[in-house]
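So the protein lines, in turn, are chains A and B.
Every position in the first sequence, counted from 1, becomes a number in this note's numbering once 18 is added.
Every position in the second sequence, counted from 1, becomes a number in this note's numbering once 505 is added.
Keep in mind the hints are simulated off the structure, nothing from the lab.
A few of these clues could be false.
Under the rule of at most 30 Å between Cα atoms (straight-line distance), these lysine-lysine pairs were calculated in the DSSO-like manner [claimed, not checked]: (1) K514(B) <-> K576(B); (2) K514(B) <-> K575(B); (3) K575(B) <-> K562(B); (4) K79(A) <-> K514(B); (5) K67(A) <-> K588(B); (6) K86(A) <-> K67(A); (7) K562(B) <-> K67(A); (8) K514(B) <-> K562(B); (9) K519(B) <-> K562(B); (10) K588(B) <-> K562(B); (11) K519(B) <-> K67(A); (12) K588(B) <-> K514(B).
Here are the computed distance ranges between Cβ atoms for each label pair [what the hints assert, rightly or not]: (13) L600(B) <-> Q60(A): 41 to 51 Å; (14) Q76(A) <-> L532(B): 19 to 29 Å; (15) N558(B) <-> H133(A): 45 to 55 Å; (16) T73(A) <-> N603(B): 18 to 28 Å; (17) Q63(A) <-> Q601(B): 35 to 45 Å; (18) P134(A) <-> N558(B): 47 to 57 Å; (19) L600(B) <-> S36(A): 30 to 40 Å.
Cβ atoms here follow ideal geometry from the backbone N, Cα and C, with glycine treated the same way.
Chain by chain, the residues run as shown.
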Amino acid sequence: AQSVTQPDIHITVSEGASLELRCNYSYGATPYLFWYVQSPGQGLQLLLKYFSGDTLVQGIKGFEAEFKRSQSSFNLRKPSVHWSDAAEYFCAVGNAGGTSYGKLTFGQGTILTVHP
Amino acid sequence: DGGITQSPKYLFRKEGQNVTLSCEQNLNHDAMYWYRQDPGQGLRLIYYSQIVNDFQKGDIAEGYSVSREKKESFPLTVTSAQKNPTAFYLCASRLQGNNEQFFGPGTRLTVL
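Make a model of the complete structure from these sequences and hints.
This is the structure:
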C-alpha cells in the first residue's frame, strides 16, 4: 500500500530565510506526487505536482520541489520565506492506474510558522 | 466562476442525529472525493466516486454514506453510527484522465 511520511510536524523559520519541507513516499511504481498548502479553516490549494520528466518542479508562490527516486523523496523548497507562507503543507502521492486511479494518499502535514 | 462549493461552512448537531454535508462542483469533473481531517492526521479518504451512480469506500468509510445521482453533486451523510464525527470535512473533484484533485473550502462539523 502506498504511504507518505512528513517527518516534521512543525517548522519555524524567520522571514527571508530558506525553507525545506521533507516528504518521503512509498509506492510500487513511478509515483504521481503533489504538494498542497492549507490556510487555517480553508481548503487545500495545489502548489506543484510531479508526473514525469524533469525532476525539479516549479510551482506557484516561488516554491519548487525535487523528485529523488533513489531516496523516495519529494522535498519542497523556497529560497526566501514570506510571512504569508505560514500555513500547513501536505505532501501526497497519487495512484497512477487501475480502479483507484487518481486516489491520493496524504502525509500528516507540516505546520510552518514564520517569525518576523 | 468554476469551483467546488461546500455548505454550510459550520454545522452543529446533537449526538445521535444524522447530518448531510453538501458538495457541489461546476467544473464538469468526473470523480469526486470526501476526506476527513483531524489535527495531526492529515487527510483520510472516506468515500470516492469515479462516475455517476457508482462509489467506493475509502479508508474510513464506517459510519458514513454517500450518493452520486448527479455528476455535479456528491453529498456525504454522517450517521449516528460514526463514533467520533466532530472533524473538518473536505470535498474534492478530479477531471477524468487528470490526476490532480481540486478542493472545496470545507465544512467543520461539531457534534454536541
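Okay, the hints, checked on the actual structure:
Annotation: proposed proximity of K514(B) to K576(B) holds, straight-line Cα distance about 22 Å (limit 30 Å). Annotation: proposed proximity of K514(B) to K575(B) holds, straight-line Cα distance about 22 Å (limit 30 Å). Between K575(B) and K562(B) the alpha-carbon distance is near 18 Å, which keeps this suggested pair within the 30 Å criterion. A C-alpha spacing of about 27 Å is found between K79(A) and K514(B), which places the hinted pair at or below 30 Å, so the restraint holds.
For the hint pairing K67(A) with K588(B), the CA-to-CA distance comes to about 35 Å; that exceeds 30 Å, so the pair is violated. For the given pair, K86(A) sits about 14 Å from K67(A) by alpha-carbon distance, which is consistent with the 30 Å threshold. The suggested pairing of K562(B) with K67(A) holds, with an alpha-carbon distance near 26 Å, which does not exceed 30 Å. Between the alpha carbons of K514(B) and K562(B) the distance comes to roughly 24 Å, so the proposed pair stays at or under 30 Å and holds.
The suggested pairing of K519(B) with K562(B) holds, with an alpha-carbon distance near 26 Å, which does not exceed 30 Å. Simply put, K588(B) and K562(B) have alpha-carbon atoms about 17 Å apart, close enough for the 30 Å limit, and the pair holds. Under the criterion of a C-alpha separation no larger than 30 Å, the hint pairing K519(B) with K67(A) is inconsistent with the structure, at around 40 Å. For the proposed pair K588(B) and K514(B), the alpha carbon gap of about 22 Å is at most 30 Å, so the pair holds.
Our hint of 41 to 51 Å for L600(B) and Q60(A) is violated, since their Cβ atoms are close to 22 Å apart. Range check, Q76(A) to L532(B): about 24 Å between beta-carbon atoms, so the 19 to 29 Å window is met. In this structure the hint that N558(B) and H133(A) lie 45 to 55 Å apart at CB holds, the actual value being about 51 Å. Evaluation of the 18 to 28 Å hint for T73(A) and N603(B) yields a pass: the beta carbon distance comes to about 21 Å.
The hinted window of 35 to 45 Å between Q63(A) and Q601(B) is violated, with their beta carbons roughly 22 Å apart. For the pair P134(A) and N558(B), the beta carbons lie near 53 Å from each other, so the given range of 47 to 57 Å is met. Distance hint check: the CB atoms of L600(B) and S36(A) are about 35 Å apart, consistent with the given range 30 to 40 Å.
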